[in-house]
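Q: Using the supplied hints, reconstruct the complex from the two chains, each of which is provided in its own coordinate frame.
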Amino acid sequence: MENNLVDAVSKVDQAFLFIFGISFAILFLITAVTIWFLFRYSKKRNPVPSDIEGNVLAETLWTVIPTLLVFAMFWFGWTGYKALREAPEDSMIVQVEARMWSWKFIYENGRTSDKLYVPENTPIKLDMTSVDVIHSFYVPAFRIKMDTVPGMQTYAWFNSGEASQYDILCAEYCGVRHAYMLSKVVVVPQEEYDKWVETGEADSEKPEGMLVLEKYGCLDCHSMDGSEIVGPSFKDIYGHEVTVIENGEEKTLTADDEYLKKAIKEPSAEIVKGYEDMMPPSDEMTDEELETLIEFFKGGMVMEKKGAQGAKVAENEGCLGCHSTDGSEIVGPSFKNMIDRKLTAVHEGKTVEVVADTRYIIDSIKNPDDYIVEGYDGGMMPSYDLSDEDMKALIEFFSTLKDE
Amino acid sequence: MNNNTTALPSFFEDSGSDRKGILSWLLTTDHKRIGLMYLYMVLGMFIVGVCLGLLIRLELIAPGKDIMEAQTYNAVFTLHGVIMIFIVVIPSIPAAIGNLVLPIQLGAEDVAFPRLNLFSWWLYLIGTVLALFSLFTGGGAPDTGWTFYVPFSEFTTTNVNVAVLAVFILGFSSILTGINFITTIHRLRAPGITWTKMPLFAWSLYATGWIQVLATPVLGITVLLIFVERVLGVGLFDPNKGGDPILYQHLFWIYSHPAVYIMILPAMGVVSEIIPVFARKSIFGYKAIAVSSLMIAFAGSLVWAHHMFTSGMSDTAVLIFSLLTFIVAIPSAIKVFNWVATLYKGSIIIEPPLVYALGFIFLFSIGGLTGLVLGSAGTDVHVHDTYFVVSHFHYVIFGGTGFGLFAALHFWLPKFYGRMYNKRVANWAFGILFVGFNTLYLPLFVIGLEGMPRRYYDYLPQYQTGHLISTIGSWILAVGLLIMFVNLYRGITRGKKIGRNPWGGATLEWQVPSPPPLLNFDKEPDTSGKPYSYKGVERDE
Chain A
1 MENNLVDAVS
11 KVDQAFLFIF
21 GISFAILFLI
31 TAVTIWFLFR
41 YSKKRNPVPS
51 DIEGNVLAET
61 LWTVIPTLLV
71 FAMFWFGWTG
81 YKALREAPED
91 SMIVQVEARM
101 WSWKFIYENG
111 RTSDKLYVPE
121 NTPIKLDMTS
131 VDVIHSFYVP
141 AFRIKMDTVP
151 GMQTYAWFNS
161 GEASQYDILC
171 AEYCGVRHAY
181 MLSKVVVVPQ
191 EEYDKWVETG
201 EADSEKPEGM
211 LVLEKYGCLD
221 CHSMDGSEIV
231 GPSFKDIYGH
241 EVTVIENGEE
251 KTLTADDEYL
261 KKAIKEPSAE
271 IVKGYEDMMP
281 PSDEMTDEEL
291 ETLIEFFKGG
301 MVMEKKGAQG
311 AKVAENEGCL
321 GCHSTDGSEI
331 VGPSFKNMID
341 RKLTAVHEGK
351 TVEVVADTRY
361 IIDSIKNPDD
371 YIVEGYDGGM
381 MPSYDLSDED
391 MKALIEFFST
401 LKDE
Chain B
405 MNNNTTALPS
415 FFEDSGSDRK
425 GILSWLLTTD
435 HKRIGLMYLY
445 MVLGMFIVGV
455 CLGLLIRLEL
465 IAPGKDIMEA
475 QTYNAVFTLH
485 GVIMIFIVVI
495 PSIPAAIGNL
505 VLPIQLGAED
515 VAFPRLNLFS
525 WWLYLIGTVL
535 ALFSLFTGGG
545 APDTGWTFYV
555 PFSEFTTTNV
565 NVAVLAVFIL
575 GFSSILTGIN
585 FITTIHRLRA
595 PGITWTKMPL
605 FAWSLYATGW
615 IQVLATPVLG
625 ITVLLIFVER
635 VLGVGLFDPN
645 KGGDPILYQH
655 LFWIYSHPAV
665 YIMILPAMGV
675 VSEIIPVFAR
685 KSIFGYKAIA
695 VSSLMIAFAG
705 SLVWAHHMFT
715 SGMSDTAVLI
725 FSLLTFIVAI
735 PSAIKVFNWV
745 ATLYKGSIII
755 EPPLVYALGF
765 IFLFSIGGLT
775 GLVLGSAGTD
785 VHVHDTYFVV
795 SHFHYVIFGG
805 TGFGLFAALH
815 FWLPKFYGRM
825 YNKRVANWAF
835 GILFVGFNTL
845 YLPLFVIGLE
855 GMPRRYYDYL
865 PQYQTGHLIS
875 TIGSWILAVG
885 LLIMFVNLYR
895 GITRGKKIGR
905 NPWGGATLEW
915 QVPSPPPLLN
925 FDKEPDTSGK
935 PYSYKGVERD
945 E
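Chains A and B, in that order, give the protein sequences.
The first sequence begins at 1 in the numbering used here and counts up one residue at a time.
The second sequence begins at 405 in the numbering used here and counts up one residue at a time.
Rather than coming from a laboratory, the hints here were simulated on the basis of the structure.
Owing to the predicted nature of the structure, the values given are computational and were not obtained by experimental measurement.
Cβ atoms here follow ideal geometry from the backbone N, Cα and C, with glycine treated the same way.
Hints are not guaranteed to be accurate.
To be verified - Subject to a maximum C-alpha distance of 30 Å in a straight line, what follows is the list of computed BS3-like cross-link-like pairs (lysine-lysine):
| # | chain 1 | residue 1 | chain 2 | residue 2 |
| --- | --- | --- | --- | --- |
| 1 | A | Lys44 | B | Lys939 |
| 2 | A | Lys43 | B | Lys934 |
| 3 | B | Lys601 | A | Lys43 |
| 4 | A | Lys43 | B | Lys691 |
| 5 | B | Lys749 | A | Lys43 |
| 6 | B | Lys900 | A | Lys44 |
| 7 | B | Lys934 | A | Lys44 |
| 8 | A | Lys82 | A | Lys125 |
| 9 | A | Lys43 | B | Lys939 |
| 10 | A | Lys366 | B | Lys645 |
| 11 | B | Lys901 | A | Lys43 |
| 12 | A | Lys402 | A | Lys312 |
Unchecked claim - Computed beta-carbon distance windows for the label pairs:
| # | chain 1 | residue 1 | chain 2 | residue 2 | range |
| --- | --- | --- | --- | --- | --- |
| 13 | B | Cys455 | A | Ile65 | 38 to 46 Å |
| 14 | A | Arg341 | B | Val452 | 42 to 50 Å |
| 15 | B | Lys424 | A | Arg40 | 53 to 61 Å |
| 16 | B | Leu651 | A | Ile362 | 34 to 42 Å |
| 17 | B | Val638 | A | Ile65 | 45 to 53 Å |
So here's chain B without its partners, still in its complex pose (with noise of 0.2 Å):
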């Protein structure tokens, strides 16, 4: 190795193969590579799925038919759930952020399985290609919502086929990336990263890994059954031959609920590592936001059958499940609780990954909090299959996880490009987005209220005003998101060179040079610091 450190070439520059070109990229087995690939195909399919959004807000801007037919309408928000879903939100995070930070997080040179990390990649873009291969071919874009509840999915004649394939090829890229990360997370831990000195985000990949690698494969399994029913026609969720619809949404929420977590816990990763940062001083209560994504990932996988309190389950399965589901909301109360405490007696330095960490806490408390009213067995009868539960879960998942994710971006985006966007810009973009995010989502829990049904095509006249504010706030939102994605575009391509440390952070991907060279350290890790300790940590802009 050179004695002069800085001049290893990036990850950019050398592949670690002979390999030139794209197939350097195609065919790599470096993290961060992967990692980028990941993240260029979820941004991408982002806006396809924004796109498809604002259609669906478009046609509800009043009732009657506005621009597209019923058919094209069911088809259209089938798909922007799949794909936000399932090629989106689910690898946001986890893969797209987990492969470029953890292992550097952890002090190690690559993930656990760098070939089966690849091979991952692979299994998604296959089932992404094949989820968008399923829109032009046989019958018609498949129109199913994407819960492809049965009896529906296995009587219509849309390309539901090849859409759960997609699907069950997309679970087994998300579950081979959970045991990557849980191996990774075992083994390859530098000498004095102990597990109480591991980054919080990597803790809360540990928890996702093992929801991913426990619940995937009933996924995997319930979508093969739906083809399997539609092809062979065997009959298990098929009233008329002796099988049981109900069973199918038990099958379907055993993950489709802990997949929640997948989505959401990640972003509480970010989170932590950022509030930290900015208040320049310690976590608060380590140990509680370690163990309570545990909980959470625990608590979460007993929780399933909250979907399903209209079923015509029992009514003592309505109880027991109304009462797990208010105890996962403990864990998630710690985290907001303690995130806030750590900003007691900082000394803040307001930046942009801070702004959309703390739109996080904002929005995904709004969602937590409306998640009691859906929690209670009572008062979820009324807004079940509402507008109360798609602002529920949009607040959740897009005020959550969403800009869980765009906090990571502003996080560490300059880390992977060695370059500064303009911050002012970034937070004119969050006050945008905010407004616009705001505008959009808390006219639909009205609406919900008052009994507006979700998967609505036309509506009855009292909820037009709703509808009207909500579909102005989706322009707002486009707006912020262009602006804030132009601005990270322009920052990676053409910002300020930084150091190594811009922000002044205290886990060891800061020590690496911003890019990173190939195998992430050109010296050995100094690990003897905390990750959340500050004293005599310098900002390196």
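With the rest of the complex left out, here is chain A (with noise of 0.2 Å):
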């Protein structure tokens, strides 16, 4: 099985491998023949020429040979097709839908995203069409890519290997966000893979700060919330006034970095007024480690925003591709201020003013041709059929996105 699924990349690279090397020899040889005979037969040492006007012999060699060597870089060529087509039987399938110009995952309980999340060392098979024009799922690292098409299915697969992030490009030009029809293949452990799609939480969208207070454990003793569990919780920790005991003197310092860093890296040397000597030195915390933790500390631990959930959405449904959340025009009108801005626009042939409120905003996500606002053109938003917990959420992200 482990055999099987290097297989595709490993023999696409030995197609290349064996086509480039033939080829640099004929070009090589072709390049020095040239040369020598411009050498050697020049007018000043050849002033007679030789009529020569052909060859049976040579020519037939030279037809016959390059035929033999096209046949075998067929072969090659083929080989690695195959193993690019054939998708092992027990591959974990996940479904591929693009539009202009984002992708989306479906996985097999429902949950969907923007990234392409996979556990390790598993053939993914790649269900994939398209909504609206012709895209192309391309992941070099995979040597995969085939087109998206509309009203038909298609498929890739691959293995994923080791945990690592590789880029996915869109590689059919689908229109003026093409280059930037973007996204990452996140290959993870097995149980964080499970724990992602149960949950939708992966670690590679944890703050950093996060993955290293767990991977110290420091949340075994330590909690975020303000409640005690061994040690003094982190909740607003940094900044504050402590009260420490030091060579058995009491004195009350600022939990700024210097403290924060000598706290961690030597616990015992100052101990907060009413706790236990027992925390071990982190020796094996990098210095990057400790400063990312600092930072961490230091920005209050935000582990999602307001509108998160709305983000998500708005990610996971491709709005990003055509609308910006920084004022930024790239098709559609920016999210930025969107919430209760007024504006001109065509409704029924009409042109009226509007303000962006709540009502306005849900029937423009239904029904984007309602409404077109006045120097966009109408017809290139598809209608979404969201649920109102996906609208609401969206609507709670868009009023985030408000100068105050």
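A: Pasting the structure below:
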């Protein structure tokens, strides 16, 4: 099984090597012989040409040998192609939906994402289609590329290999945001994948500081919500005054970078009043991780911003392919300061003034061509039938994009 | 006829009609005047296409926005493609050089249908004007790429209708030229010019003519169908109405792949003319070269779907088209080996036409060999629609047809203007062009293999080095082009006057005055010799 998995990439690469090898040899031969002839048979060295009209043997040879070579190349190429097409039976199946200009991945339990999450060392089969024009799903690392065609199913497969991340690019020209139709294959350990597909929480989406805390087991003793476990809670820890006992003497200081670093690296040096000296020094923690952690504390340990749920909906539904969140123009109007904006739009053939309130926005998502904002083209945006929950999350997300 | 044969006025002075000035050109039926009119337009539009290409390269010098918006960029690469393919490369050697040289090489006074020839040129003019017109009218310049892939080309609000109409008209110009040349070759060969004594350039135009006649109508119908789709909404290609977008790709490539051979075959013909003249000996394997032209034209018509290995068509189709594609490689390889073998035991004089022709062989070989990577199914999946294809294509079409055209200009322009350019400058221009060309396109193979897709306005940081080198190459190339064109222009206006046969060629065009008179021949052409036999042929500089 494992052997079969690595096959596709290595077979394709074999074909590359074979064809490139022979091509370099032929090119070198042609060039070297030409230069030699130009030198040896220049008018100076060979004033009288010998008129040769052809040579049956030579011509037969350079017909037959290239013929054999190209058939060998064909065979290598075809073997590589077959490996790319023969998905193992037990492949994990993910549905892929392409649209202008984002990817939507749909997993067996119905979860969707805009990045492709897959477990390690698993054959993955992608069943693909497109909802608008032709796109092409391309992951250079796996040597796979397959067009996604509206009204048609296509497929590709790859072996996910070790945990890592790889670029996904759209390879078939699809309009103004073609170059931004990018995503990632995120290969994670099986347990993490299981957790992600169940809860939608992926380590790769957590703040890095959080990952450090989890890695060193800090959260077994220190809570994040102010409750006491064994040691002091991390909640609001940065910048607070603490009373510590150092060599039996009590003193008060501010929990700044220096203090926190020392408290992590040499926990026994200063003990917070009221706690036991029982934390082991974190010798294995790198300076980089330490910095990340301090930054995480400094930033108030923000796990999710307000509107994060809606941001995820906007990402998953592909809204951000056409609508920016920073006020810049992509294709449609920006989400920045959209809520309660006054705008001019064409409605049923007439130009009207409307306020983009919640009702207007919900209507525009469900029937995009009902009101066409001045300066934009109609017929571009497909209608989205979102659940009430998603709609609410989106509106909350939009409200966070408003300048106060 | 006058006894003093040199007294005949050249075709510049004698238009064969009473019309004067510009009309004596626009309404001429003289193949040489028509050829020059094609040439002026081709070169003019070539410069436009080059400028667009330089803009593309400049935009890609660094990630993010550099000089233009994404929508502008998409229009620029679409135009670069449409102009270069349909207006420059396809008519370049066949229509421009072919019109100038073919009838004289055959010993004819003109093509078989001189008025149809003029009509072809007018269609070409109208198509070109319409293509330019599409930029400034309607909902903005077309942004579909030169391939007009559906469903995108049906949905886009830009001015695709006018652009496809232009392509339709340009297609007819090409078809009529093909018919004209085929008939000319069949009917107007002078006594003594048998099929096996016909110059190889004429052979290549013959093969090209058949592709033009048989394949171009498919393009005409296909682009017309886009027009019908957009205007009437019939739904042939629209999956929402039960249509099939892949059908469009088949129709498009049934023409557009053979079209690549319309572009490259005549350039191969040019190289086959030039090499023996400067090696001072017969072309090696005349029959093999002539037959391989026909082989390429035939086999090349059966390989179109190798552009579609990732389109979702069946694996069986991939198998067949991959196999057929490799078969086309064989006649191309034969030609290259024959050209190199022609140099063997020659008495080689290195002059600009030979230098450009050798440049063709090297660059075309790289283009052809990288084509093997694309013909092989497994490797094509990885590099399809990446910069690897972009580079391969430019090596074949620019390195091949482009350098073939430059070789042809250096070879034949002195004949038609009666003056010689500065040969030293011509060689220097070649050196700069060659360095610039490879600096421009070699890095694109590398980033293509690394996965850089084509038609990207912006790109990931790992591709930056390649793009930067490539853009620098584009400037070197531009300098080379500038020097070459200025030198040619100075040559035809102020160069040293030349005699009938400045290179010592043995084909018939070297027997006529430079420039030739209206009906080409001032005395019966001597067709007793073989086209590549230089015994007794004197250079007449």
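Q: Now look at each hint and say whether the structure bears it out.
A: Structure-based check of all given hints:
{"no.": "1", "hint": "A:Lys44 <-> B:Lys939", "verdict": "18 Å, holds"}
{"no.": "2", "hint": "A:Lys43 <-> B:Lys934", "verdict": "22 Å, holds"}
{"no.": "3", "hint": "B:Lys601 <-> A:Lys43", "verdict": "27 Å, holds"}
{"no.": "4", "hint": "A:Lys43 <-> B:Lys691", "verdict": "27 Å, holds"}
{"no.": "5", "hint": "B:Lys749 <-> A:Lys43", "verdict": "10 Å, holds"}
{"no.": "6", "hint": "B:Lys900 <-> A:Lys44", "verdict": "26 Å, holds"}
{"no.": "7", "hint": "B:Lys934 <-> A:Lys44", "verdict": "26 Å, holds"}
{"no.": "8", "hint": "A:Lys82 <-> A:Lys125", "verdict": "15 Å, holds"}
{"no.": "9", "hint": "A:Lys43 <-> B:Lys939", "verdict": "15 Å, holds"}
{"no.": "10", "hint": "A:Lys366 <-> B:Lys645", "verdict": "23 Å, holds"}
{"no.": "11", "hint": "B:Lys901 <-> A:Lys43", "verdict": "25 Å, holds"}
{"no.": "12", "hint": "A:Lys402 <-> A:Lys312", "verdict": "18 Å, holds"}
{"no.": "13", "hint": "B:Cys455 <-> A:Ile65: 38 to 46 Å", "verdict": "44 Å, holds"}
{"no.": "14", "hint": "A:Arg341 <-> B:Val452: 42 to 50 Å", "verdict": "43 Å, holds"}
{"no.": "15", "hint": "B:Lys424 <-> A:Arg40: 53 to 61 Å", "verdict": "56 Å, holds"}
{"no.": "16", "hint": "B:Leu651 <-> A:Ile362: 34 to 42 Å", "verdict": "39 Å, holds"}
{"no.": "17", "hint": "B:Val638 <-> A:Ile65: 45 to 53 Å", "verdict": "51 Å, holds"}
The structure is consistent with each of the numbered hints, conforming to all of them.
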